[in-house]
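Participant: Could you put together the complete structure from these sequences and hints?
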Amino acid sequence: MTTRDDRNPDQLIRAFLDEGPEDLRDQVYDEVRAEVDRTDQRTSFAPWGISLTRFAGLIAATAVVAVAVIVGLTFGGGGPFIGGDPSASPSLAPSAEPSVEPSAEPSVESSASPSIEPSAEPSTDQLPPFACGDSETIVEATYTDFAPVLLTDVRIAGHDGYDRVVFEYEGDLTPELRVTPDDGPYIQNPSGLPVDVNGDPVYLVNVTGASGYDTESGERTYTGSTDFEPGLDQVVQLIQQGDFEAVNNWYLGVNGSTCLRAFALTNPGRLVIDVQH
Amino acid sequence: MQPTAIPPALVEQAQRGDRDAFDQLARSSGDRCQAIACRILRDTDLAEDAVQAALVQAWRELRSLKDAARFEPWLHRILIRACYAEAKRRRRWSSAIRMLPVDLASERNDILTVDDRDQLERAFRRLTVEQRSVLVLHHYVGLPLPEVADRLGINPGTAKSRLHYANSALRASLEADARTEPPSQERTA
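Quick mapping for you: the protein sequence lines, in order, are chains A and B. One point on numbering: in our numbering, the residue at position 8 of the first sequence is 8, and numbering is uninterrupted. One point on numbering: in our numbering, the residue at position 59 of the second sequence is 336, and numbering is uninterrupted.
These aren't lab readings, by the way, just hints derived from the structure by calculation. Where a beta carbon is used, it is the ideal one built from N, C-alpha and C, also for glycine. Hints should not be assumed to be uniformly reliable.
[Said to hold, decoys possible] Restraint ranges, calculated between C-beta atoms of paired labels, are given here:
(1) B:Arg403 with A:Gly184: 30 to 40 Å
(2) B:Thr405 with A:Pro181: 32 to 42 Å
(3) A:Asp10 with B:Thr405: 18 to 28 Å
[Claimed, not checked] Just so you have them, the derived chain A footprint on chain B, three or more residues with Cβ under 8 Å:
(4) 293-299
(5) 312-321
(6) 389-399
(7) 409-420
(8) 432-445
Facilitator: This is how it looks when you write it as structure tokens:
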């Protein structure tokens, strides 16, 4: 006869885990189907999900960026930047460029992690113009690896004529940025739970190829706030929508402005979104 | 548990936006997802919510899946993250503990006594959801540790330490039970 002490604990643990439900109710399948019928698939922009043609395009874009950086360093005087191309979206109607020089990096709201002193920002005439309306603002990625770039800091600050949001990354590369007007519903990724976002309009800040979590080390690289309410003229709230599968998304709630510009900076890699006052 | 073979062609069809193809994918994978989520969360309703969220998320993000043959590991990774979110949600709004319904058990193991189940259940609930996930993927799904680490997106060393801690905690609960209960107790529940 077997006694309790003779039994293998691992065998008992497996037996314990073997017990339990193994069927999903039909009602759940039906609810999933109904949700799928209401939901569009997200277009994939990351290199691990793109077509060969798209990847070739990214390589070409990277080459263009490299040339732009060299030209900028040689003739520009200021730090190199990569601006969103307004011509990529014909419906964009750029407003007049602001006449003020951008001030130093924002300091109103910062995460707990210390910031790296960034390189000089480009002068105003080097910045892309503000684009107004419902169009998407895009900044192409500069990464050349399949691994996501790691988010280290998020900063928001008010400047003369605009509010600025900065996402800073480890190293010199930047992921792809898309800023799109979003009428909701606002949900967290991947939980699908609803989230309240203050501001009107609200933009989805879709950053593809980035993460605040280093899967190699198992450590978070971004430990700052995921919900900013800086109380600025235009930026009402910036709240993380999700950080999952190398897609680091945020909702940006704004106080009425529909005029944005976005660009990338290097040394360290940064994505910048300016909201015009 | 035995995995269901998912035809890559069906995944590719769904990646092109075919909702009926995805419906087939969901129905092929749903039971296995529910079994995993139930064991991690120890709550049928929460598990259903996690599976539903994971399947909808999978549909939305399906085009980012590079290798159609890796659909199931990819889905399980989404599912685990959904389980983490559900566990956090439960911690926020309820401290009540609900046991898995006994009448829904797929089969009862004669090897386990009522006390075994009670002790293991208590010890299991004291584990973090991250530790539970490693335990379930390794012991229940039957994945080797490197594959567990890959599916969870963590280092193999992290997976190993989580498994070690979880195993130790469950073994300790059984040993404590053995020390306090007479060996002649009835074995089956």
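Participant: Decide, hint by hint, whether the structure agrees.
Facilitator: Results for each hint:
1. B:Arg403 with A:Gly184: 30 to 40 Å: holds (39 Å)
2. B:Thr405 with A:Pro181: 32 to 42 Å: holds (39 Å)
3. A:Asp10 with B:Thr405: 18 to 28 Å: The hint (18 to 28 Å, Cβ to Cβ) holds, given that aspartate 10 (chain A) and threonine 405 (chain B) are roughly 20 Å apart.
4. 293-299: It holds, with 3 qualifying residues against the three required.
5. 312-321: Result for this restraint: holds, n = 4.
6. 389-399: Our answer is that it holds, as 6 residues pass the Cβ test (under 8 Å) against chain A, meeting three.
7. 409-420: Held - the stretch 409-420 of chain B has 4 residues with a Cβ nearer than 8 Å to chain A, which meets the minimum of three.
8. 432-445: holds (count 3)
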